[in-house]
Amino acid sequence: MQERSESPDTGAAESGDPQVLAVRELTVRYGDFTAVNNVGFTVGRGEIFGLLGRNGAGKTSTIAAVAGLLRPAAGHVRVLGRQLEPGRRGGAWPGGALSLQPQKTSLFPRLQVAETLRMWASLYPDPRPVPALIDELGLTDKARTRAARLSGGQQQRLLLATALVGNTPLVVLDEPTTGLDPHASRDAWAVINKARAGGTTFLLSTHAMAEAEERCDRLAILHEGRLRTSGTPAQIVRDLTRGSTVTVRSSQEGLLRAARAEFGTDAVRAEPGDGGGAPRFTVATTRPERAVAWCEERAPEADVRVHRPTLEDAFLTATGTAPADSTAPGASGTAPAADSVPAAAGGARPEGGGPR
Numbered sequence: 001m002q003e004r005s006e007s008p009d010t011g012a013a014e015s016g017d018p019q020v021l022a023v024r025e026l027t028v029r030y031g032d033f034t035a036v037n038n039v040g041f042t043v044g045r046g047e048i049f050g051l052l053g054r055n056g057a058g059k060t061s062t063i064a065a066v067a068g069l070l071r072p073a074a075g076h077v078r079v080l081g082r083q084l085e086p087g088r089r090g091g092a093w094p095g096g097a098l099s100l101q102p103q104k105t106s107l108f109p110r111l112q113v114a115e116t117l118r119m120w121a122s123l124y125p126d127p128r129p130v131p132a133l134i135d136e137l138g139l140t141d142k143a144r145t146r147a148a149r150l151s152g153g154q155q156q157r158l159l160l161a162t163a164l165v166g167n168t169p170l171v172v173l174d175e176p177t178t179g180l181d182p183h184a185s186r187d188a189w190a191v192i193n194k195a196r197a198g199g200t201t202f203l204l205s206t207h208a209m210a211e212a213e214e215r216c217d218r219l220a221i222l223h224e225g226r227l228r229t230s231g232t233p234a235q236i237v238r239d240l241t242r243g244s245t246v247t248v249r250s251s252q253e254g255l256l257r258a259a260r261a262e263f264g265t266d267a268v269r270a271e272p273g274d275g276g277g278a279p280r281f282t283v284a285t286t287r288p289e290r291a292v293a294w295c296e297e298r299a300p301e302a303d304v305r306v307h308r309p310t311l312e313d314a315f316l317t318a319t320g321t322a323p324a325d326s327t328a329p330g331a332s333g334t335a336p337a338a339d340s341v342p343a344a345a346g347g348a349r350p351e352g353g354g355p356r
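Quick note: the sequence shown uses the UniProt record's numbering, first residue 1, plus one each step.
A few of these clues could be false.
To be verified - Below are the SDA-like pairs computed for lysine to any residue, each with C-alpha atoms no more than 20 angstroms apart in a straight line:
no.	residue 1	residue 2
1	Lys142	Asp126
2	Lys142	Leu107
3	Lys194	Glu25
4	Lys142	Ala121
Just so you know, the hints here were simulated from the structure itself, not pulled from any lab data.
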């Protein structure tokens, strides 16, 4: 499969909307370890663009480079037309250009929820109203609670609020719903979608397949620091999978032979027995309804099931691995995770003391 350093101009970028973010040939190294290798993509106004990959794939390092928190070894990052020069330590994004969801260590434990958000809001020229944001994220009854006394999920919602309160054109989120229960996750996405409807652009990282497929307009799949493919979730599934799989379980003699004659020997595969029940075989097809109708006509008693390809199937094809909460080989020890880089507010200053 061909790897690409730049994604095609699809999605919002195609509709004529200006590019809010353009990443070209981005490379990030920590010593001898290359965390991000020649990655490129663009994000149009009002898009939710996801970076999908296992832990250690390079998602957080990419986000840190976009935010200006570390020095890329090569490549270019442009936000609202302004370029962050590779290798620069000085300078900053224009005030209010982007905001970044900080890590938990960025919370002041003795500050109350409302105090925390008022502090972050003061860093931006046109912040969102703090009380409304607290209410939208379900933290109204915790507005006077210190950050240290919040649960893990409540702290995660507060961190999301610190990124959204700036009301910036670009919001960068690193796994924004990690640790949230389904109700809190739904509330968080309602706030994100409301901001997107108002024109806010989001770049986020995730290793959650369902979240990526349902919530992101476009995706880039990263693996071992490289961009393997990009596009809409539907495009990625279509490009990287062979279509649907129809599984047929039947004891009818000659059905397997007839299926091979009908659909081709390459498309039909006998499956090993599972210790009980009738024999089974699978049909790989882009027209599962045809295979189902054929089976129903030839063997009405057959148990027929259809598996339609998912984003996870495409991810496995692209990377050869399933997304998991494990660090990719080589990403620990040699190279500190970019998660450890402190977050910056209101324009994300490059971090001079971060990992090299």
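We went through each hint and held it up to the structure:
1. For the proposed pair lysine 142 and aspartate 126, the alpha carbon gap of about 24 angstroms is over 20 angstroms, so the pair is violated.
2. Proximity of lysine 142 to leucine 107 is assessed by CA-CA distance (about 15 angstroms); at most 20 angstroms being required, the pair is judged to hold.
3. With a C-alpha separation of about 32 angstroms, the suggested pairing of lysine 194 with glutamate 25 is violated against the 20 angstroms cut-off.
4. Of the supplied pair hints, the one linking lysine 142 and alanine 121 holds, its CA atoms being roughly 18 angstroms apart against a limit of 20 angstroms.
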